[in-house]
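A.B. asks: Given the structure of chain A, go ahead and fit chain B onto it with the hints provided.
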Amino acid sequence: MNLKERLQKTLSENPFKGFFKKNRLRPPGARGEKQFMELCIRCARCIEVCPYDSIKRADLFEKLQIGTPYIFPEDRACYLCMKCPEVCPTGALDNKLFEPEKVNIGKAVISQEDCLNFIYFKEEETGKITGKAMICSTCYNVCPFTDEAIVMEKYILPVITEKCVGCGICVEKCPVKTTDGKAVNVVPTGMGNEKDAGYYYRRSKILKSDPQKYKDILKGDKLIEKKQNISTFGEKKQFKYDFEINTSIEGWEMNED
Amino acid sequence: MKIKTIRRSVQIAVFLGMFIVPVLNILEIYFIKGTFYSIDIGSIAMADPLAILQAVVASKMFTYSMFASLVIPVLLVLIFGRIWCSFMCPYYLVTEMIDSIKKKLKIKTKKTEYSDHLTVKTNMFRLGFLLFGLFVMGISGIPLLNLISAPGVISSQALVLVKFGYVTFEMAFIITLIVLEFFYYKFWCRYFCPTGSFLSLIGLKRLLKVEKVNENCSMCLSCIKTCPMAINPMKDGSSVACNNCGDCVDICPDNKKTPTLKFKI
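Sequences listed follow chains A and B, in order. My numbering puts the first residue of the first sequence at 8, with every later residue one more than the last. My numbering puts the first residue of the second sequence at 558, with every later residue one more than the last.
Chain A on its own, in the form it takes in the complex (with noise of 0.2 Å):
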């Protein structure tokens, strides 16, 4: 990292809002990160009352966030009981959060390579045989949304939906431990991501790094002019099936009344 990016890094981003981490959540109901941050005043209300020791304290661990609410949900995961909500003084979770559906505090990712019935999937289909795999499903059994959040593709491959609150029962409860976690992990909500930022996004950033590589692309009024050169008239280009269309269906027949 030269001094540039370095200077980047620590001025334009606020090391106290921004610090995101793989298997690192808030507790349920949390605002985004930022305000999240503004808003707690580290009173431990949400600790004190969670009946399963789930979230913690953060430690010197999580530097400038020493003292903040959070689950780790490799240790203990969160068994959305709703309770540390409407506790919060502050309003940093949002009170009026009842329904375990409606907690989106991350995404559960599935580590295809790592993961058991993956594994499983690709040896019996390439007769390869590694003595690993294995019937695990276990994050689709331990799942509070079962065939919502986690539904089974071939009726073997484990694959998470729009619907995963992020609660980390899965990722508790996953045998398969591996050098980045484990082999399904919590990404928290607001977790920033160079590959996940918009097109324009990437696309200024590749313009500016390399610019002699990107000469034939079209601007301006080059750009109007060639779209205003292409016609809708003229002919069309003929269609075919690869496959024979049936024109009747047997047993009907045409009425021409």
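Do not rely on the hints blindly, as some may be mistaken.
Stated by the list, open to error - Covered stretches of chain B, going by a simulated chain A footprint (3 or more residues, C-beta under 8 Å):
#1 600 to 608
#2 632 to 646
#3 693 to 707
#4 725 to 734
#5 750 to 762
#6 772 to 783
Unchecked claim - From the structure, some residues in chain B lie toward chain A, with a derived Cβ separation under 8 Å:
#7 Thr592
#8 Tyr594
#9 Ser626
#10 Gly685
As the list claims (entries may be wrong) - Straight-line alpha carbon distances no greater than 25 Å define the calculated DSS-like cross-link-like pairs of lysine-lysine that follow:
#11 A:Lys90 / B:Lys782
#12 A:Lys11 / A:Lys63
#13 A:Lys103 / B:Lys617
#14 B:Lys561 / B:Lys659
#15 A:Lys16 / A:Lys70
#16 B:Lys720 / A:Lys180
#17 B:Lys720 / A:Lys63
#18 A:Lys247 / A:Lys233
#19 B:Lys660 / B:Lys782
#20 B:Lys720 / A:Lys70
#21 B:Lys617 / A:Lys24
#22 A:Lys161 / A:Lys28
#23 A:Lys90 / A:Lys129
#24 B:Lys819 / B:Lys792
#25 A:Lys184 / A:Lys41
#26 A:Lys41 / B:Lys617
#27 A:Lys28 / A:Lys129
#28 A:Lys109 / A:Lys16
#29 B:Lys559 / B:Lys766
#30 A:Lys29 / A:Lys16
#31 B:Lys660 / B:Lys559
Simulated from the structure, these hints should not be mistaken for laboratory data. Beta carbons: idealized from backbone N, C-alpha and C, even for Gly.
C.D. replies: Chain B in isolation, oriented as in the chain A frame:
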């Protein structure tokens, strides 16, 4: 009955409560929940006014629940002054314990002598530190002063200790303060504590004050010697530094004959 006995029993009850409340919460009795940053007793919400102020400034939001939790603390301070510090704050109890330990071990630390000049200087320094803290907090954009709020840190660490069996790194701050307390007499309460400074600002025009009622006192100056805030109770009873602890009223020898130094509304 001496004010000090009442004060000490309240202090000890609050200190024990700090450990009992988490136990009750573990048993899923949610009657009292919270720490000294903010606490709910039944449905009565109370919160540290400075913490709420910081949250409001940082987030530019003011919710109804924030206002509701301010009412009782602010009313308490407006009527009784800064009794939070002298009657309830666990850190104040710790400093008093350290003081008595020092007396038993006969460690002598120079207690700052009272002078008019010093009182003004102390008050200016406290307010200056509070403003500086708010300034830094404004730049960072999060309620940063809560990290150095001694009672809040102590109570939240007590909660973590009871619930999980360990303490987090914030405890290092309290340990540092306790070590320094052996060398400097009540320096945190008198010079730095942002919560205390803010409460004393709210209680600038409080109802309950220490006042010298009788003009002809014996001028033994024992009240000045005993005052933990190093002010002159005969004169500065309505000062921002006074926390209405009542030590001077207890010790005044003239009070036995005629009321001389008294709490007055």
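A.B. asks: So, for every hint listed, does it hold in this structure?
C.D. replies: For each hint, the structure was consulted:
no.	hint	verdict
1	600 to 608	holds (count 4)
2	632 to 646	violated (count 0)
3	693 to 707	holds (count 7)
4	725 to 734	holds (count 3)
5	750 to 762	violated (count 0)
6	772 to 783	violated (count 0)
7	Thr592	holds, 5 Å
8	Tyr594	holds, 4 Å
9	Ser626	holds, 6 Å
10	Gly685	violated, 23 Å
11	A:Lys90 / B:Lys782	violated, 51 Å
12	A:Lys11 / A:Lys63	violated, 36 Å
13	A:Lys103 / B:Lys617	holds, 20 Å
14	B:Lys561 / B:Lys659	holds, 19 Å
15	A:Lys16 / A:Lys70	holds, 16 Å
16	B:Lys720 / A:Lys180	holds, 23 Å
17	B:Lys720 / A:Lys63	holds, 10 Å
18	A:Lys247 / A:Lys233	violated, 29 Å
19	B:Lys660 / B:Lys782	holds, 15 Å
20	B:Lys720 / A:Lys70	holds, 22 Å
21	B:Lys617 / A:Lys24	holds, 16 Å
22	A:Lys161 / A:Lys28	violated, 32 Å
23	A:Lys90 / A:Lys129	violated, 42 Å
24	B:Lys819 / B:Lys792	holds, 12 Å
25	A:Lys184 / A:Lys41	violated, 31 Å
26	A:Lys41 / B:Lys617	holds, 12 Å
27	A:Lys28 / A:Lys129	violated, 30 Å
28	A:Lys109 / A:Lys16	violated, 33 Å
29	B:Lys559 / B:Lys766	holds, 17 Å
30	A:Lys29 / A:Lys16	holds, 19 Å
31	B:Lys660 / B:Lys559	holds, 21 Å
In summary, the numbered hints that this structure violates are 2, 5, 6, 10, 11, 12, 18, 22, 23, 25, 27 and 28.
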